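Heads up: the sequence lines are chains H and B, in that order.
With our numbering applied, the first sequence closes on residue 409, and no number is skipped along the way.
With our numbering applied, the second sequence closes on residue 1305, and no number is skipped along the way.
Think of the hints as simulated: they come from the structure by calculation, not from any bench.
Computed from a predicted model, the values in this text were never measured in an experiment.
Please note that the accuracy of each hint is not assured.
[What the hints assert, rightly or not] Covered stretches of chain H, going by a simulated chain B footprint (3 or more residues, C-beta under 8 Å):
1) 8-18
2) 388-402
[What the hints assert, rightly or not] Cβ pair distances, simulated, as ranges:
3) H:Gln405 with B:Arg1100: 35 to 43 Å
4) H:Gly150 with B:Arg1290: 51 to 59 Å
5) B:Arg1290 with H:Lys130: 25 to 33 Å
6) H:Glu115 with B:Met1001: 24 to 32 Å
Don't be surprised by glycine CBs; every beta carbon is placed ideally from N, CA and C.
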Amino acid sequence: MSADGRQPGLLEGLPPRPAAGIYFDNNATTPVAPEVVAKMVPLLTEHYGNPSSMHSFGARAGDEVAVARQKVATFLGAAQPSEIVFTSGGSEGDNLGIVGTLYALPEKRHLVTTEVEHPAVLGLCRELQKRHGYDVTFLKVDGAGRLDPGDVEAALRPDTALVSVMMANNETGVLFDIEAIGKIARAHGVVFHVDGVQAAGKLPLDLEHLPVDLFAISGHKLHAAKGVGALYVRKGTKLRPLIVGGHQERGRRAGTENVASIAGLGVACDLATAGLERENVEVRRLRDRLEQGLLAAIPDCQANGDPAYRLPNTTNISFRYIEGEGILLLLDRAGVAASSGSACTSGSLEPSHVLRAMGLPFTLTHGSIRFSLSRYNTEAEVDYVTGVLPRIIERLRLITPFNEQRATF
Amino acid sequence: MWNYSDKVMDHFLNPRNVGEVENADGVGEVGSMACGDALRLTFRLGEDGRIADAKFKTFGCGSAIASSSMLTEMIRGKTLEEASRVTNEDIANELDGLPREKMHCSVMGREALEAAMLDYYKRQGKEVPCHLLAGTSLLCHCFQVTKETVRDAIERHGLETIEEVTHFTKAGGGCESCHHEITDLLRECQERRASGVAPAVPAGAPLIELAPLAATVATGPAHAPADAAIVARITELLATEIAPALRADGGDIEFVRYADLRVHVRLTGSCAACRSSSVTISGLVEPRLREFVDPRLVVVEVGRR
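So that you can see chain B by itself, here it is in the shape it has in the complex (with noise of 0.2 Å):
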């Protein structure tokens, strides 16, 4: 049983401005089905350019329900450049905080928000404001990936499962969580190119290009002579433990520095570009060395490259 709490539950059992606003100035639609959460948001502008009304319409659990709520709550009077402020942490800080898997429902309420902000600019053919542009249906939130770069890459490519999908575009290669948007995807195209409405796929097609992972350069481990068993065992433990679970996924981690019971170490690969890396940071790393190291260490995650 989730610990929600009574702000939650209130906004969930009384939702607040469930519905759609009538001839709306801004329409964002985020999620799917097969995510198991789905958001569709919409406002209208007052003539003194705040929201006047934002109403919503959530697929989802408790807290997606009462993250949506509270998102129309916390928009409505502001102007578009005060909403655009809001963040994930705001809505969850609003409902007295999610249950730490929930917080994805508090983003869902951002990119809800962003994907409607972005559809006002479209509609009324102004420029974006440039902060908007990065989390418009997104795909893979691990490598910020959109689901149009993954339909592109499987049309013009042909690709036929997630591993490819996966090796052209990166998306799916982090925490896995959009397999299954991916699969749909796929099937999508399949089904569109069975029926002759897509084209075959031509033949050459040039490779879509993708970004570089962050380098996996190795430092040298820098502590001072008398830390060295401390660190032998911190290095042992990432190396025999810690390092191949994050492989499992793609990812990995490396030893940066040791001082004053703070471990600096870098993630790369797959979890160097993950959202989530302070949960791996948090709920892996950590616990791990606190258990079989010292109780008082904190770990510290260095600056990507």
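Pulled out of the complex, with its shape left as it was, chain H reads as follows (with noise of 0.2 Å):
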């Protein structure tokens, strides 16, 4: 309390917020990168032709979707472009990938995936296994996130349709060995399908040379528009389409394509190959300056998931006897973009499923922040989240009925 009696306020005496925000959450969507923009603009003005038309407006729009597909095609690793199906974004990607591939398989009713995965993934196979009679193999990770590929090949059935993991967890960061549980799937004659929606751009890829049958990933998380994304489909992977009615990416997704955003997503494809240096180096460097300087300005924290086999931009970090809401009002309040695996945050009331599989226990999956990085960021801007962030840990736990005598009541 101050002299005079009267309890300072959360955000009194925090250094003056930055003019611009400070966005610090890249794991759930990334800035378009203004290379992408000027790609798009003229394609939703100018040349906005359908591609299945007969002139030369579907011409160019034709032109444009196929230069894409190739450099997609290019960043994924892929043998050749028709392996590349564009597609609304990340959840159509795996929900095309795990029920196309049922579609094609009816007499197989088995599937294995993790009790981490995205809600694209998990919920998808929920519902399959609620409402369709599949039945599914959730496996466990341990306390660091990771997955022992021998899990996934004890869980395997003569009934087994499909594998799908995801390469990178969105909310630590975690690496699953892709290549690894490729090489079981395959011996066994089984379907792998990939969630790459948070590796592509933060890891270099080779799909051709990878024992994987699909990969989906999302524009928007690596600097392209929202709406678009690709789904990888291996040359002589069966598949059969969730939306018909069209010819369109050789009758595996009807609908006229998105050809501003395709083509966008093309050039951020490139952008990406470009920048993955930087991200595994200096965005690596400032992921790293900002986890050990507020591991070492505040007390009672950790760091969430294996630290040595992880994306680049992520870090999870749980501070102790408060709750994570809070927090990220605050850090908005101070100009800065974070997320939280806390309940309230959610709106379920349930903290989140990935630290909870992981075996943590409630005092540090509430009060978890997540904080993703891009090559957009700054070395200034993690210095001010290192400065201010110690102040509202601070405060929240003056207001916080836990502490290290009492965890709970």
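Put the two chains together into one complex, using the hints given.
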């Protein structure tokens, strides 16, 4: 309490809020690169043709889609552009990969996935189990969020249609050993689908030489627009469409192509390839600086997930005894955007399923904050956050009834 | 992003009365770490019998902190009798409203107030006003089951799963939001048993008697002959879409009567005992019927049996 007996406000005495916001929530969505916008605008205003039309408007649009398909194929390391199916984003890619495979293999009734997948996969698998009678094995991860490929092998059955795992976890950034899991799936003749949404743009990809059959990516996670994505479908993989009624995407996804967004995705893939080294050197350095700065300045906190084997841009830190929403609200007032695994930020009353699956106690799940950086972030931004967050945490800890002596009622 | 009122943000950013009252006359603790929010409320009475000081410490989201802050402001200067009339709606109204998903924050405030006043009466050795007895250390709000009841059942019957706890006490059978707490209690009791602190499960221990669930006797549909078509569509939608969704949570719904665009229904099963039944009606039943039958329909929940 201050000298006049008045309690200080939670934001009192913090440094002035930076004029432009600091965006550390790039695993949620990313700013669209200016080069991508420049590519998209003329395709909305001037060259607005339908690729299926028999005139030069259509031909121009068709050329743009073909160029983008080549760019996405190069970016993913696909053997040929025809292996790329444009979608509306990551969720559609995951749904098409998984359900399209099940449609094509009607006699197989079993799937293998993990407890820490993105809701696009987790929710779909629960739905398949509940309403469509599929048998689903949800594999567990260890305390660091790692998946043992041996568990995948042990779960396989003669009627297993598909294994679906993520390459990188959206909440913790922890990586799964796609190569080892893919080899197991291939040895058993099981289709292997990978949710690559968080990995794309942050890790080198060479799908032709990885034992992966299906690989979903999302445009807006790598500086392209929302509402566009792609599914890699290895040549020879059986897949039935979900959206029917048109010949587009070689009959695998009907509907007039989202030309501007698709062309923008192509440009974003070029930029991602060019920026990969920066992502793994400079963004990693900034992430480490942020993480180490916060862990050093704030007592009673810990970083979650395997520190050695994770995305270069992501850190997930739990602050004991306080709840994530308050931290986010105060960070937002201080000009910083991040996200939390707390229950209160989801509206579901359920804290992060990923951290719970890792066996983290509630005191660590409710107070978890994810910072996810991009190539547009700077060291000055990192230093501002390491300066301001310790004071925010300190003030919220003055309000909480919990502490080292008393962890819960 | 939640749409918090300016008042909620003000009480979050500038919380009033943070801390603990020294030599408190009443202390109330509700919630837990597992729940995601918890509140410790302390108060002291003045010589005039009015609450002279009230302070809070809260673990929880912005609206939980704001609700706690507002609660302390509202009860200061009140007699215990006056304070006992402060409802969770009053707290939410004083904050210019809370998002629907956050109403439980105001409920937590009300519960802490009840717990603190109960603590006061116990300390004084006074008789507890009966309206305070209901809501203390509630674990399952849907079925009004206290933590003590659940712990007692676990210890006496050696329960090991949430399902067993639900079977024995009904706790956790509704909205399931207390499953974390039940899990914690199960773990705690297991540890106590393992370490020999708690006695082994006695053989042939008596079962806790359950209050019977609301009866689900069907009543014949009552409606004018001219409304037969619309009633048929309503009952079909109830049977094919709405009831299955409720049954997933152990509840059910039955059609009672229809007249002048008003659909009377009765919630049964776990829904019948649930505090959130109005949310079930306004959030699920009414929108579905309006979408598929008639946008002017009003759904009315009739009394439980």
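So, going through the hints one by one against the coordinates:
no.: 1; hint: 8-18; verdict: holds (count 3)
no.: 2; hint: 388-402; verdict: holds (count 5)
no.: 3; hint: H:Gln405 with B:Arg1100: 35 to 43 Å; verdict: 36 Å, holds
no.: 4; hint: H:Gly150 with B:Arg1290: 51 to 59 Å; verdict: 53 Å, holds
no.: 5; hint: B:Arg1290 with H:Lys130: 25 to 33 Å; verdict: 26 Å, holds
no.: 6; hint: H:Glu115 with B:Met1001: 24 to 32 Å; verdict: 28 Å, holds
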